[in-house]
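Asks: Sequence:
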Amino acid sequence: MASNLLSRRDLDFLLFEWLGVEDLPKRDRFAEHSRETFSALLDLCEDLATRYFAPHNKKNDAHEPTFDGERVSVIPEVKQALDAFAKADLLAMSMDHALGGWQLPTVVAGAGLVWFHAANVATAGYVLLSLANANLLAQHGTAEQIERFVKPTLAGRFTGTMCLSEPQAGSSLADITTRAEPQDDGSYRLFGSKMWISGGDHELSENIVHLVLAKIAGAPAGTRGISLFIVPKFLVGDDGAVGDRNDVVLAGLNHKMGYRGITNTALNFGEGRHQPGGRPGAVGYLVGEPHRGLAYMFHMMNEARLGVGLGAIALGYTGYLKALHYARERPQGRPVTGKDPETPQVPIVEHPDVKRMLLAQKSYVEGALALALYCARLVDIQSSPESDAEAESAGLLLDILTPVAKSWPSQWCLEANSLAIQVHGGYGYTREYDVEQHYRDNRLNPIHEGTHGIQSLDLLGRKVTQRGGASLVELTKVVTATVSRASALSGEAAAMADQLDSAWQRLVSVTAAMFAAGDVDAALANSAVYLEAFGHLVIAWIWLEQLVAAHGRSGDFYEGKRFAARYFYGYELPKTGPQLDLLLSLDRTTLEMRDGWF
Numbered sequence: 001m002a003s004n005l006l007s008r009r010d011l012d013f014l015l016f017e018w019l020g021v022e023d024l025p026k027r028d029r030f031a032e033h034s035r036e037t038f039s040a041l042l043d044l045c046e047d048l049a050t051r052y053f054a055p056h057n058k059k060n061d062a063h064e065p066t067f068d069g070e071r072v073s074v075i076p077e078v079k080q081a082l083d084a085f086a087k088a089d090l091l092a093m094s095m096d097h098a099l100g101g102w103q104l105p106t107v108v109a110g111a112g113l114v115w116f117h118a119a120n121v122a123t124a125g126y127v128l129l130s131l132a133n134a135n136l137l138a139q140h141g142t143a144e145q146i147e148r149f150v151k152p153t154l155a156g157r158f159t160g161t162m163c164l165s166e167p168q169a170g171s172s173l174a175d176i177t178t179r180a181e182p183q184d185d186g187s188y189r190l191f192g193s194k195m196w197i198s199g200g201d202h203e204l205s206e207n208i209v210h211l212v213l214a215k216i217a218g219a220p221a222g223t224r225g226i227s228l229f230i231v232p233k234f235l236v237g238d239d240g241a242v243g244d245r246n247d248v249v250l251a252g253l254n255h256k257m258g259y260r261g262i263t264n265t266a267l268n269f270g271e272g273r274h275q276p277g278g279r280p281g282a283v284g285y286l287v288g289e290p291h292r293g294l295a296y297m298f299h300m301m302n303e304a305r306l307g308v309g310l311g312a313i314a315l316g317y318t319g320y321l322k323a324l325h326y327a328r329e330r331p332q333g334r335p336v337t338g339k340d341p342e343t344p345q346v347p348i349v350e351h352p353d354v355k356r357m358l359l360a361q362k363s364y365v366e367g368a369l370a371l372a373l374y375c376a377r378l379v380d381i382q383s384s385p386e387s388d389a390e391a392e393s394a395g396l397l398l399d400i401l402t403p404v405a406k407s408w409p410s411q412w413c414l415e416a417n418s419l420a421i422q423v424h425g426g427y428g429y430t431r432e433y434d435v436e437q438h439y440r441d442n443r444l445n446p447i448h449e450g451t452h453g454i455q456s457l458d459l460l461g462r463k464v465t466q467r468g469g470a471s472l473v474e475l476t477k478v479v480t481a482t483v484s485r486a487s488a489l490s491g492e493a494a495a496m497a498d499q500l501d502s503a504w505q506r507l508v509s510v511t512a513a514m515f516a517a518g519d520v521d522a523a524l525a526n527s528a529v530y531l532e533a534f535g536h537l538v539i540a541w542i543w544l545e546q547l548v549a550a551h552g553r554s555g556d557f558y559e560g561k562r563f564a565a566r567y568f569y570g571y572e573l574p575k576t577g578p579q580l581d582l583l584l585s586l587d588r589t590t591l592e593m594r595d596g597w598f
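Read in order, the letters of the sequence shown are residues 1 to 598 in full-length UniProt numbering.
Some hints could be false.
What the hints assert, rightly or not - Think about it this way: if two alpha-carbon atoms lie no more than 27 Å apart in a straight line, the pair counts; the simulated DSSO-like pairs of lysine-lysine are:
| # | residue 1 | residue 2 |
| --- | --- | --- |
| 1 | K477 | K322 |
| 2 | K26 | K58 |
| 3 | K58 | K339 |
| 4 | K58 | K79 |
| 5 | K322 | K355 |
| 6 | K322 | K26 |
| 7 | K339 | K59 |
| 8 | K79 | K151 |
| 9 | K87 | K151 |
| 10 | K26 | K59 |
| 11 | K322 | K58 |
| 12 | K575 | K355 |
| 13 | K256 | K79 |
| 14 | K256 | K59 |
| 15 | K339 | K355 |
| 16 | K256 | K322 |
| 17 | K59 | K79 |
Derived by calculation from the structure, the hints in this document are not laboratory data. These figures come from a predicted structure and were not determined experimentally.
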């Protein structure tokens with residue numbers, strides 16, 4: 001029986017028929033692998049996600065973590081799931097051999113991880129954060145830091161977090177006030193508070209490795225003065241043994257609309273409740289060089305942003321599959337031309353409006369999943385390039401696509417969850433069915449790891465314009481190549497190619513015109529509209545890519561791909577026209593609106 005978490009058939013199509021990941025073992029980094037090992041990994045992930053993560057998803061939501069003032073309590077199934085994940089050695093699946101890793105391609109590992117997000121996004125959140133934490137330290141930490149903190153994380157003994165936001169600063173990291181005071185032994189003592197720290201306290205692991213942004217006395221103002229520190233919940237001795245409690249104190253848990261199963265915390269550093277060595281302050285260890293912390297943290301933030309997008313996709317995808325199953329099983333009504341009440345009712349999947357809602361979901365979730373895996377493959381090209389030019393191209397593409405891969409699924413796979421509720425009717429609005437929880441869980445994704453507004457400013461204010469627009473030029477080359485291949489196929493593919501080519505060229509010209517006017521404020525005022533239009537065009541390109549890969553193939557699966565592409569080009573892509581009109585006008589409504597007029 002097919003899973004209602006994800007479509008393995010779709011994953012196989014995207015990985016092997018479209019992205020050609022079976023060719024990655026030709027690159028040195030992945031030489032020990034093959035299509036067989038990739039398929040075996042996907043089998044393992046589906047099995048573990050189904051057996052250990054999915055069964056407690058609703059319980060995780062109904063019984064969120066609690067704090068009695070001393071310790072945090074989490075339902076036992078969460079630890080059982082994390083232990084099963086660690087026992088299978090999946091934490092190390094894309095890490096270097098030198099760290100005990102498998103060196104699997106990121107694209108294959110990502111396809112495996114999406115099963116866990118679909119099964120239980122909250123429990124999978126502990127995994128996502130720990131992996132991103134370990135990857136950052138493996139890239140920027142010292143040999144001692146890797147030995148002391150990364151290897152225990154990959155073994156499943158430690159978990160990890162990222163501590164950026166503060167109660168008074170939110171996303172404005174230039175305004176953080178957490179301070180780090182240097183000590184004679186080379187360590188630091190940290191004082192301050194951090195907010196919205198997922199996985200920030202629990203008893204699921206022997207230790208929690210916090211990566212904390214703070215400022216050293218005398219540092220430059222703003223983001224240029226931020227440094228990055230390792231601050232463990234418990235100190236770790238030279239022999240690797242977990243020792244005394246560090247001065248990191250849980251101030252309280254945040255109670256969320258969804259995504260309830262992972263602790264979300266307010267943490268105090270240097271409160272004085274615990275004083276290692278009899279001195280105040282949380283013991284921390286500098287990562288890399290002083291004042292370069294934000295640059296290091298972006299390694300984790302960008303990985304987390306792609307992970308957030310993947311989580312949004314997984315929630316949208318499983319909601320779609322459950323809505324599809326319901327629509328096939330639920331008899332209700334008759335065709336509009338069938339007035340005889342004596343005739344049998346038809347499954348609601350036969351009604352055109354239900355088909356519309358299911359097609360919308362399919363186009364969103366399958367398009368977004370393809371984009372996420374495309375980005376993961378770019379990471380693999382960067383890590384094992386065949387030429388400097390290939391590495392440069394992958395880097396430019398990944399730069400410009402990352403804000404889209406985070407934000408577009410967060411918006412439109414959430415819409416897929418809304419449509420899944422609608423397909424279920426009144427039942428979808430009840431807790432007895434999964435789809436209402438999927439919506440609540442997914443509603444976090446447009447907020448954390450950078451809101452839509454932040455991602456849109458990153459896209460339009462930096463990624464599109466940096467280095468003379470090199471990333472947009474590179475992406476245009478790739479889109480144009482897809483258009484060329486589709487045009488050669490004639491028929492519907494060629495028509496869609498013409499539609500995309502026209503819309504993309506307009507995007508490029510509008511982008512140039514917005515900045516040519518010299519009014520940067522007006523150009524950036526509607527950056528969120530730009531991100532939405534840009535994202536829709538990127539997904540249209542991704543659907544054309546899938547259409548080309550499906551060309552000449554027959555069967556229900558490929559017909560489904562063709563109709564999803566037809567839907568996106570007929571119903572979604574035209575929405576970008578009015579958005580581009582608005583952007584070209586440099587409308588100043590949001591700039592000129594005053595507080596008192598609301």
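Asks: Each hint should be assessed against the structure and marked as holding or not.
Replies: Taking the hints in turn, this is what the structure says about them:
1. K477 x K322: 38 Å, violated
2. K26 x K58: 43 Å, violated
3. K58 x K339: 41 Å, violated
4. K58 x K79: 16 Å, holds
5. K322 x K355: 14 Å, holds
6. K322 x K26: 38 Å, violated
7. K339 x K59: Violated, at about 44 Å.
8. K79 x K151: Holds - the C-alpha atoms of K151 and K79 are around 19 Å apart, at most 27 Å.
9. K87 x K151: 14 Å, holds
10. K26 x K59: 44 Å, violated
11. K322 x K58: 15 Å, holds
12. K575 x K355: Given that 27 Å is the threshold and the Cα spacing comes to 20 Å, the pair holds.
13. K256 x K79: Holds, at roughly 21 Å.
14. K256 x K59: Roughly 15 Å between the alpha carbons, so the hint for K256 and K59 holds.
15. K339 x K355: Roughly 21 Å between the alpha carbons, so the hint for K339 and K355 holds.
16. K256 x K322: 24 Å, holds
17. K59 x K79: Holds, at about 14 Å.
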